[in-house]
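**Q** Those protein sequence lines, which keep their order, are chains A and B. Position 165, counted from 1, in the first sequence is what our numbering calls 165; the numbers after and before it change by one each time, with no gaps. Position 80, counted from 1, in the second sequence is what our numbering calls 80; the numbers after and before it change by one each time, with no gaps.
Calculated directly from the structure, the hints in this document are not laboratory data. Do not rely on the hints blindly, as some may be mistaken.
Said to hold, decoys possible - With a Cα cut of at most 25 Å, we get these calculated DSS-like pairs of lysine-lysine:
1) A:274 - A:46
2) A:89 - A:112
3) A:112 - B:202
4) A:46 - B:202
5) B:125 - A:10
6) A:112 - A:84
7) A:121 - A:89
8) A:197 - A:84
9) A:274 - A:10
10) A:46 - B:83
11) A:46 - A:89
12) A:114 - A:89
13) A:197 - B:125
14) A:84 - A:46
15) A:114 - A:84
Claimed, not checked - Beta-carbon label-pair distances, calculated as ranges:
16) B:30 - A:149: 40 to 48 Å
17) A:149 - B:172: 31 to 39 Å
18) A:149 - B:15: 45 to 53 Å
Glycine residues also receive a C-beta, built at the ideal position from the N, C-alpha and C atoms.
Listed below are the residues making up each chain.
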Amino acid sequence: MGEQRSIWYKLGNIDYRIIYLLVALMTAWPLWSPVGTPMTVGENVKQYAEHIRDMEPGTVVLCGFSGYMTMLPDIEPIYLATWKMLFEKDVKIMVRVTDVDGPVVIRQEFEKIKPEENFGKVYGVDYMIFPYVLMPTATEIAFTDNIRTVYPVDYYGTPLDDLPIMEGIESMHDVDWYFTSGADWGNQRYTIPYGVKLLCWGTGTGLLPFVPPFYDPVSGPCYGYVGGASQGGELELESGFFGAGVKYNDCKNLAILGLFAFVLLGNVSYFGEKYLGGS
Amino acid sequence: MADAIFAGIQVAMVLAVWSYLYKENIFSKVASSIVISISTVHFFLVYVQRTIDSAVIPLLNGRISYIIPLTLGLLMYTRLTKKWAWLSSYAYSLQIGLGTGSTLTTVVASSITGRIAMLINEPFKGATMFDKLSGTFLFIGAILSMTYWLFTREATGIYGYGVKIGRLFLMASIGMLYAEDVLWSQSLFVGAWEMIIDNFIKAVILGIPVG
Chain A
1 MGEQRSIWYK LGNIDYRIIY LLVALMTAWP LWSPVGTPMT VGENVKQYAE HIRDMEPGTV
61 VLCGFSGYMT MLPDIEPIYL ATWKMLFEKD VKIMVRVTDV DGPVVIRQEF EKIKPEENFG
121 KVYGVDYMIF PYVLMPTATE IAFTDNIRTV YPVDYYGTPL DDLPIMEGIE SMHDVDWYFT
181 SGADWGNQRY TIPYGVKLLC WGTGTGLLPF VPPFYDPVSG PCYGYVGGAS QGGELELESG
241 FFGAGVKYND CKNLAILGLF AFVLLGNVSY FGEKYLGGS
Chain B
1 MADAIFAGIQ VAMVLAVWSY LYKENIFSKV ASSIVISIST VHFFLVYVQR TIDSAVIPLL
61 NGRISYIIPL TLGLLMYTRL TKKWAWLSSY AYSLQIGLGT GSTLTTVVAS SITGRIAMLI
121 NEPFKGATMF DKLSGTFLFI GAILSMTYWL FTREATGIYG YGVKIGRLFL MASIGMLYAE
181 DVLWSQSLFV GAWEMIIDNF IKAVILGIPV G
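Model the full assembly from the supplied sequences, consistent with the hints where possible.
**A** In structure tokens, the structure reads:
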């Protein structure tokens, strides 16, 4: 005859597939019918948005776009809200694609935003895209020193000198802000020698644990940051450009409740077995 | 019609990968093999094209200096033979040397002196009393966390308590990293669900327009 297990043991050993199912259902529910779980906007997100709003006409912005397919759900809400905020302003936007599938993703994003139709922007005058270039350290140094040595042409093969937006922009000395996915030594290659200010955007797991030590909304080097779809939803709320981020927050909040319930159950099981006994 | 077929393929692939959560099966294996092979081919073609555009074509147009990076790149492949593998060390050493030299220009200011300055300023830079207390708490936490890595004396007495508290700060940091990872995975999960519900169930099966 098999050994009798206590209720506490059984509680702690529920089939993991039940957890998967519960989390799946709780994630899917708000996609079908939004629940509207409460959201607050963090100070770092407010500062990120505030610095964009404060950009003067003619400000030169370089965007390091690291959008890649497998991570897209976590970062697209940030990108879309930021593009819309930037296109609302009279600033010069240069996009540098930093990942191998970035060219496909950036094309899809701009097809969604429609800068010409919705914001009256003109490619080559108000914004431009650099082609994908693998950027090891030596190449990046060359890029910061002289943009044209690394990118003689834009994404569509047009020489940079033929684009009105590039007039007077030679190196990082001519750039005011750099949107990037980190603020560590690699990104400070733009701040320390050139004084470019950083605003950070990226995945939650790749950005949030590492950027805060460099964050100072007044003196930088990182003046504001937004990481992951949750904060992407906060940025949508702050900017008024609503998209998938708010919906994602709804899903994640409910799914976290499901996970939390199982964490609680695991602890009840552990302490129940330890202190209340059972074989 | 094309959109419906495309959405159907997407859903089939997602469900095939998710079926692994129940147990490993032929569908999950086929789906992951397709994704890996397509990604590999895509990356390979992009890098080959990029090398042709940025080095081979300029070389053929008379810019002789491009022979140097191309040769260094080819030297990497000498590792495939035992006899000529030593040649690859020229390419590696040049790359590592360049990387280290250029990194040192920013790494000291940003990751060493910069971080020390930030840590010292932390208790004083807050605008409110709460911010200042929070900064002081972080300052103490950082110092105590560092004590955890001192192995030259035994962690006993008051020093031992400091090490234990430092360990709690480290555990809290690691917990946050794990939580970020869970949230990130959830975002991807929600993205896949959104595709199934919006692009397939609502748009294709029920014919509901999705904004």
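**Q** It remains to establish, for every hint, whether it holds in the given structure.
**A** Hints and how they fare:
no.	hint	verdict
1	A:274 - A:46	violated (46 Å)
2	A:89 - A:112	holds (18 Å)
3	A:112 - B:202	holds (20 Å)
4	A:46 - B:202	violated (35 Å)
5	B:125 - A:10	violated (51 Å)
6	A:112 - A:84	holds (11 Å)
7	A:121 - A:89	holds (10 Å)
8	A:197 - A:84	holds (20 Å)
9	A:274 - A:10	holds (14 Å)
10	A:46 - B:83	violated (60 Å)
11	A:46 - A:89	holds (17 Å)
12	A:114 - A:89	holds (15 Å)
13	A:197 - B:125	holds (20 Å)
14	A:84 - A:46	holds (16 Å)
15	A:114 - A:84	holds (10 Å)
16	B:30 - A:149: 40 to 48 Å	holds (45 Å)
17	A:149 - B:172: 31 to 39 Å	violated (46 Å)
18	A:149 - B:15: 45 to 53 Å	holds (48 Å)
Hint check: violations occur at hints 1, 4, 5, 10 and 17; the rest are consistent with the structure.
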